[in-house]
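*Asks:* Residue numbers (my numbering), protein chains in the order written: chain A, 1 to 293; chain B, 1001 to 1300.
These are computed hints drawn from the structure, not numbers from a lab.
Quick reminder that beta carbons are idealized off the backbone N, C-alpha and C, glycines included.
Please note: incorrect hints may appear among the correct ones.
Stated by the list, open to error - Pairwise CB distance ranges, derived in the manner of DEER restraints:
| no. | chain 1 | residue 1 | chain 2 | residue 2 | range |
| --- | --- | --- | --- | --- | --- |
| 1 | A | Tyr247 | B | Arg1101 | 29 to 39 Å |
| 2 | A | Ser139 | B | His1168 | 11 to 21 Å |
| 3 | A | Gly26 | B | Ile1285 | 38 to 48 Å |
| 4 | B | Val1274 | A | Asp190 | 53 to 63 Å |
| 5 | A | Asn50 | B | Arg1101 | 29 to 39 Å |
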Amino acid sequence: MIMKVSDSMTSPEDILSVEHLSMRFGGLMAINDLSFTARRGEITALIGPNGAGKTTVFNCITGFYKPTMGMIRMTRQNGEEHLLERLPDFIITRDAKVARTFQNIRLFSGLTVLENLLVAQHNKLMRASGYTLLGLLGSPIYKREAKKAIEKAAHWLERADLLDRADDPAGDLSYGAQRRLEIARAMCTDPELLCLDEPAAGLNPKESLALNTLLRSIRDEGTSLLLIEHDMSVVMEISDHVVVLEYGQKISDGTPEHVKNDPKVIAAYLGVDDDEVDEAISEVESLDGGQGA
Amino acid sequence: MDYFIQQLVNGLTLGSIYGLIAIGYTMVYGIIGMINFAHGDIFMLGGFAALIVFLLLATYIAGIPVALAILIMMVVAMLMTSLWNWSIERIAYRPLRGSFRLAPLITAIGMSITLSNFIQVSQGPRNKPIPPMITEVYHIGNITVQLKQIVIIIVTAVLLSIFWYIVHKTPLGRAQRATEQDRKMAALLGVDVDRTISVTFVMGAALASVAGTMYLMYYGVVAFNDGFIPGVKAFTAAVLGGIGSLPGAVLGGLLIGLIEALWSAYFTIDYKDVATFGLLAFVLIFKPTGILGRPEVEKV
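For reference, chain B alone in the conformation it holds in the complex (with noise of 0.2 Å):
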């Protein structure tokens, strides 16, 4: 029983993280019908970023205090992220807007590529390392818990409550599901379609930089490939929980990461992305709209 909890909250963090990358997928999606590919590499220019800040903060900031060092790893990632994911909407995706559907898919796999090249040519191949950040242990009878596992949980958990306020409950979030359900009819309300469309892309590449630093944190370690796996695996978690529905998102993230743990502790690891994506094709089989999916009711 207590390996089952202990396996429990590490399937959690591993979800979190999934689940914060996938909610850009399905937002993105949802707003523009459009499957954004190179997410996961935005997910991974994100660590990167969090690397390059922590290697100037080690240098010249010497005896930072972490939980500070970590805010400001946080948040220079989601400035960087956001401005990288904004040129990649303006230059890539916004011309092609309107033209057959496969092209933005295309574009969309092209800027994937050229992101992780681009890092790999300009910080080398090689794995990153940080050094541990966050050390301390709590034990709860025989369960292990890190300190960095309840941060990363935190954080996600916040981030999602403080999303989740602004497509509901405020003025952009409002122009947001306009958009997504009639876009000409949203202009003509005097919604700035292209600038709602630009700030999801903002809004998904920050969330994205933020499991990129806490991926960074708790592996302790990032490389410019580390973008493809969790990618598809926030992808696979968007479409699980229902694509364009947020909740959706973060149920999928959390399931995927609790399936990889539980799979990965009682049977054997290797086939743990079979019994992921072996989930995906039985719900979608039963449920192809995904857990918390709509459907598309078809009016006659």
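With the rest of the complex left out, here is chain A (with noise of 0.2 Å):
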């Protein structure tokens, strides 16, 4: 689904947005009517306590579900709106070119690292191969192709610093190299939009480090990032908005200091009473006109 930019609502800097998003599994409303946007050009947090939706909300955006209620649209560079919740997975990738990891590793174990990175240019070289045949017969143009693959797959893994594995089996990887491959992996479909799902569980303070770098290198070289955290030290130190869920819905969208410093994101980490709870509400409601809510 294709519309013209004019026709919306959203302003041409929201890469995303999602509307009144709803998600029911049976009795449970795993989302509840949550709407937000995800700014081209920054690193959105979205973040909450277990339980709070977070990762249904990425199944939603990348087709492993079909949404009860809502719209999800992602506005690409040229102008292109595409209409997630109607669009099969593999059309997510190839046209509307939102790319996702998840939190426990999907890699191709038992190919090689290269071939993970390759099998996510797959549409260009099949076409390039003349789907096979036109490859089998040794043609220019997709030699050429493979050659141009192979380079894109390769600047990845420097940056992933994988270089010195590129052809053992990705499955033999340290746990953190994994973690790496699979972004750079993702990277290799030329998204512009990139959602991450927890990205630094698992790593160590060193591997952390090296991941807040690269991350941030790929939001400076113009792709977006939505991502899922519980680290908080990550989600402050490389987020440029941050979006606050707690039982399916939306408590706080700002800032990281916004978000750090409001009530109700601080009662829904700690837990207090209920009373505390509204006597934070109200507070904040008197201080900011009840923006958050």
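Join these two chains into a complex; the hints should help.
*Replies:* Structure, rendered in structure tokens:
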């Protein structure tokens, strides 16, 4: 589904806009009327306590789930708009240019590191190889494209510090290396929006620091990021914009500074008595006119 | 000793045909974890397609060179059976993907019965003979090698190299291997998984139809129920070699061909199937994943 920009109300800086998204599993409302936007060229973090529905949002964005209600609109750099909730998963990557990684690593462990990155460039290579036939006949177009694909893979391997492991099976890498490879693989699909589900989970402080640098450089080169993260130091360090979920609803939205001091966020994370929450809410509302609610 | 080598040649020929069919079983199992029991009948369809092409050629283009005729038979048979298998996957298997595990298996058996009955009704129940196409025979010492045996072994070797190259070196093969490992993730990287699976069926059918053509050429006859026994043998070959493994399927095919030929030569021919399946049982007891199968490593 492609529409002209002029038909919509979102501003051109919004790359992803989630509108009134709801996802129901039987009797459980995993996401309840959630709206937020991610801006182009920024790192947007989606945070919240366990079970808040963060991964469910990701699953709706990348076509794993069909949301019960609501709209997810992806605006590409060239002005094309895609309504992700209507697209099958491979089209979301191929045409809408959204890529994602998982909380639990999902590499093709039997393929080599390099092959993992080449699979991510599948469509380009298939077209260049004339759906295999021309490639078998050794067409120069295919050879050129194949070389370019390997160069791109090599570029990302270098960025992920994995160049010397290119021909090893992906399953043989260490945990931290596998995480970096996942990001490199997602980047090989040329995404405009990269969704990362807890990229820092299980990393040691040094690896975590390297990850922050990598993510910032990806953002600076023009790919917008949406990430779920538990590690607050990562979130506060690198995000430009934070959205806080609790029980499938948005409870706060703003800069890291704003969110960090939002009493509702503090209450959600630390857990306080109900009247204290009410107290906190009224305090916030009197402060900023209920902007966060 | 001469007698042994003679049987070795016969066994390799038969084994090549089994190997070609077995690849179709193993590839489909590899990519969607389903045993396509209609695959033996696809092999039989390939034989019939080649037969029809042969009759057309013999009727309308008398005096066509034999090599060209065989090539045309193979190519047309490949195209026709590929189309058949593509449609079968589309109509009978794809709608059931994601259904309970036994559903595709039952459909495949149904498809197998449908195909052999379709041929029985449309082509008649009798054996369909063709005159011998390649009659040259070479004598090396006391060993007799027929040219058609050499052709079969060479064609098999060439096709296997091409398919091995496709699976290991092309974007299509990479997508197939990725889909095999994690279908969802492959889709998230932009791979059209449904199309990749269709292509796998087409590739399997192409190889089976070549096997069918060569079977027709070798034995000079094909019948509507010829898909069953070679189909079961080829399936056994795929399991023996380690289902999901391409070299395994070929190895299994060759092993079964050799065992059949050698057993028939030195023991009673009536028990050759017992020998084949006995070996299968033996291998599965000591190496349940087959000879070249990878054990499934479970991560905790």
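*Asks:* For every hint, state whether the structure bears it out.
*Replies:* Against the structure, the hints come out as follows:
1. A/Tyr247 and B/Arg1101 have their C-beta atoms about 36 Å apart, which keeps the hinted 29 to 39 Å range intact.
2. A C-beta distance of roughly 19 Å is found between A/Ser139 and B/His1168, which places it inside the suggested range of 11 to 21 Å.
3. Taken as a hint, the range 38 to 48 Å holds for the pair A/Gly26 and B/Ile1285, whose Cβ atoms sit roughly 45 Å apart.
4. Distance hint check: the CB atoms of B/Val1274 and A/Asp190 are about 58 Å apart, consistent with the given range 53 to 63 Å.
5. Distance hint check: the CB atoms of A/Asn50 and B/Arg1101 are about 33 Å apart, consistent with the given range 29 to 39 Å.
Hint compliance for this structure: no hint is broken.
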